[in-house]
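Protein sequences, first through last, are from chains Z and S.
Note that the working numbering gives residue 335 to position 335 of the first sequence, counting from 1, and the numbers run on in steps of one.
Note that the working numbering gives residue 137 to position 137 of the second sequence, counting from 1, and the numbers run on in steps of one.
I should point out that these hints are in silico values taken from the structure, not numbers from a laboratory.
Nothing here was measured: the structure is a model prediction, and the numbers come from that model.
Some clues are possibly wrong.
Calculated Cβ distances over 10 Å to all of chain Z for the following chain S residues [unchecked claim]: (1) Lys4; (2) Leu16; (3) Asp20; (4) Leu38; (5) Asp46; (6) Gln65; (7) Arg87; (8) Ser90; (9) Asn95; (10) Ile102; (11) Glu106; (12) Lys107; (13) Asn142.
Using 25 Å as the maximum straight-line C-alpha spacing, the simulated SDA-like pairs for lysine to any residue come out as follows [as the list claims (entries may be wrong)]: (14) Z/Lys410 <-> S/Met23; (15) Z/Lys409 <-> S/Asn74; (16) Z/Lys113 <-> Z/Gly155; (17) S/Lys55 <-> Z/Arg377; (18) S/Lys43 <-> Z/Gln372; (19) Z/Lys409 <-> S/Asp45; (20) Z/Lys409 <-> S/Lys55; (21) Z/Lys409 <-> S/Ser37; (22) Z/Lys190 <-> Z/Lys245; (23) S/Lys107 <-> Z/Asp358; (24) S/Lys107 <-> S/Met23; (25) Z/Lys409 <-> S/Leu35; (26) S/Lys139 <-> S/Asn64; (27) S/Lys141 <-> S/Ser90; (28) Z/Lys297 <-> Z/Ile14; (29) S/Lys42 <-> Z/Asn379; (30) S/Lys55 <-> Z/Ile194; (31) Z/Lys409 <-> S/Asp20; (32) Z/Lys190 <-> Z/Leu248; (33) Z/Lys410 <-> S/Asn74; (34) Z/Lys409 <-> S/Met23.
Using N, Cα and C, we set each Cβ at its ideal position, and we do this for glycine too.
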Amino acid sequence: MTLTFKDRLDLTTIRKQFPVLDQSVNGNPLIYLDNAATTQKPLTVINEISRYYTQDNANIHRGIHTLAERATATYENTRKSVAQFINANESEEIVFTKGTTDSINLVAQSLGKYILKPGDEVLISCMEHHSNIVPWQMICQETKAILKIIPINEGGEIIFEEFLNMISERTKIVSMVHISNSLGTINPVKKAIIEAHKLGAKVLIDGAQAPPHEKIDVKSLNCDFYAFSGHKMYGPTGIGVLYGKRSLLEAIPPYQGGGEMIKEVSFTQTSYNEIPYKFEAGTPNIAAVNGLNKAIKFIESIGLDEISHHENNLLLRATKQLNEIEEFRPMGTASEKASVISFNIEGVHPFDLGVLLDAKGIAIRTGHHCTQPLMERFNVEGTARVSFAIYNTLEEVDQFIWALNNLIKKLI
Amino acid sequence: MSIKVRQEEIIEEFSLLEGDLEMSINYLIELGGQLTSLPENKKTDDFIVKGCQSKVWLCAEEKNQNIFFNADSNTVVTKGLVSLLVRVFSGHSANEILNEEIYFPEKIGMGRFIGSQRSNGFSAMIKQIKLYALAINIKEKNE
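Bound conformation, chain S alone (with noise of 0.2 Å):
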């Protein structure tokens, strides 16, 4: 499934939602507490995302040329919200993930339902995700 087809899955999702905040947030805590939590080895500032304002942590893993991302946060709220991210950058080619625009945060109304500085810990989420696939995509044609 393609990084766009995960993105309208999700804008289709929260479409049903309604704009409703409070069951948005609750749809965003059910979603976080199906992703599979990071062992505690892994909660470290090595694998910590700057900039956000709750403490999230980002893994990625590289499997026959597709990376698979995992990630786990202290807040529920940010854990729903990182979920998203993993759903839809997880399983894609370090060029898909650089190059596929990201436009459902906006379409669902991401910015009204988390706030302004919430949004930026989520783009900092998108950054460290690019960051890993970059760096992958580096050491590929390097090799």
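So here's chain Z without its partners, still in its complex pose (with noise of 0.2 Å):
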């Protein structure tokens, strides 16, 4: 027998794997709307960082040790694990940085200096998150390359045909965020990749917010390079993975020197090591790439599909209920949109929502969300942003509207 989604889905035995969330905040049930920030981490992505430092913790890579070798043996198997989760051709096109901004970092640095002139141009969206676009700022000052910026339209999705105007011989870099964590929109990046390898340019996708919500798949993407973090997908804190095309990995210089990174050093000369070694210098974050094996494996054993359905119920819900709100102003309403919703209630700053909802235990997010050219796009000093996954229910949707409603009529 076939099991629906609602057989499936035991929101119940869901929330027992995450202990952060049975706690009282302020006097009241914790009720967390900030994944977009960062999601919580379930009990099997704990244990394994306990697990690590308890049984295993040894250096990778180089110690002949039994220690060593099963230290090495689980880190080089979450690399796997990744390159089947966003279906990479091999797991060798998995770097492991510290993050999203760290990849993103390690693509301007090394592609940009490896490709850049004087008046090539970068493309960004208007939409970017600042770890997708200061880290483009810095290389093209370095370069005198022109940073160009795709503009967005009301609802808060790129204006394709302005795209299409934009990109030319001289682009050479398009960097563009998959999932925006400021509007939730979708962008449309695989449209985005073809037209631009028509003209030859390299892309790369900010995926920070992208892996927990939608199944990310880089050989049908044909993305050159794909950013994201662990941490917004249920696994730890410090560790992130660029996905990087072989040959473009290769052509690239290192980004970082050290130890790891290399094949032979003298004082004269140094041969670097083979990827993705060639961009992982020192000692990484062991304990948090276990875990974040550990976090691929719980999204795997629910389903992304059955997270998206339940996400997208959410969102419905509160959507629905918010329009209710004669005060309520959203920012980002794309047809293509995740679990986010960005807004501002009229005659209320943000930040006294923010304050006034965490006293009620609700865990939301207010300012500028790393996003300030969007937010002067919008002409607002920032919104109150709530985000959901896979363990928030039905109910504290309904709840956080109670509350809100309740704000409202005090304060206005």
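Using the hints, put the two standalone chains together into the complex.
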């Protein structure tokens, strides 16, 4: 018998795997709606970190003793899991980094130095996170390349015709967010990659928000690079992934120098290790890498289709109820949208909303969400943002709306 | 009423709330609501306090060798916070403002209910008040 979605998704069981959710905050049961900032961690991830330090702790790759062998095997096993998870051709195309920001900086510096010349252009969109803006500003300044910004419409979607008008043979790199952390917009990255490749540009996708919500297939996307973080997909902080096509990873220079990334070192000349190790200087965050593997297993144990279905239900329920609030002003109403709602309540500063909801045990995010140019685009100082994950319930959505309505009554 | 007595008053008022976060914030909002709003022409970069997450404008005026403060914010919670400082410092001499120890934020557990980022903003407001006092002090000595 095939199980239906409802049979399989047992939220009580899922929530039990997240001990942090089982607590009171300021006298109320915690309702955690700040998942776009970071998700909570299931017990399997937490236990794996503890298990590694309790049983296997050793430095990886060069040790010949048993612990080093075990640590290396587990670490490299994660690389295989990640490769399968995003459908990469081979595990050598997976580089472990500190996070999405680190991955983007790596590409900006290494690819940038490799291909950018004065007058060349780098295209990013108006909705990028600062971590997909500043690294490009830095390398453009260094190489005298020009950074161009793809505009977005009122709904928070890339104006694709404008993108097509802007892209040219001078465009060497396109770096675009897959799912906007501030708007929830799911960008048409596959279409953008096809167009960029027609003109010979390389494409990096900032996937920080995407892997916990939808299936990532780098082969089908045909992106040149894809960056994401462990901590936004139920994994530990301090671990990220950079996927890169083998030919490009081999071609571009290393990002940082040190141990692990070398083949041979002398004072006159150093030869670099093979990919991916060429980009992994120094002892990595081994425990976090192992934790990331468990996070992937957690996501796979539920299934991205089920996760996406559930999160969409939460999004629909919240959006419907928010739309009934007279003062509700959404920012980002794209037709393709992930489970993120950015909004303002007219007459109430988002900061006050955040403080007062926190007093009710409801964690939301307020501010510019590291997307100040986007806030400027919409002419707002900041927004309040709720973002959902697999463990959130429809009841939590209702409680959030109830609390919000009470605050509005009090403050307006 | 001295700066010390005003601090003691605030400590006593907040002690009645027994550390309840929501009640404390509601009380702050109430206090902020009683603070006279600054006219729009004072809500400029000249009067803004840097270091605050929300916007705070702080003005000082000297009358009979005492300094009087008025302040405003674009958020009701921060306006409540700044109202406490206006209450504590307003109407005192530059010397008093510069030399008096400020201990009420810790005693009312402000760090717990306003968080570290807002604590930084709060420290910036106190610093700005002391800078005003310092400027007036120097001006008085030079006269």
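Non-conforming hints, listed in increasing numerical order: Those not satisfied are hints 3, 16, 19, 30.
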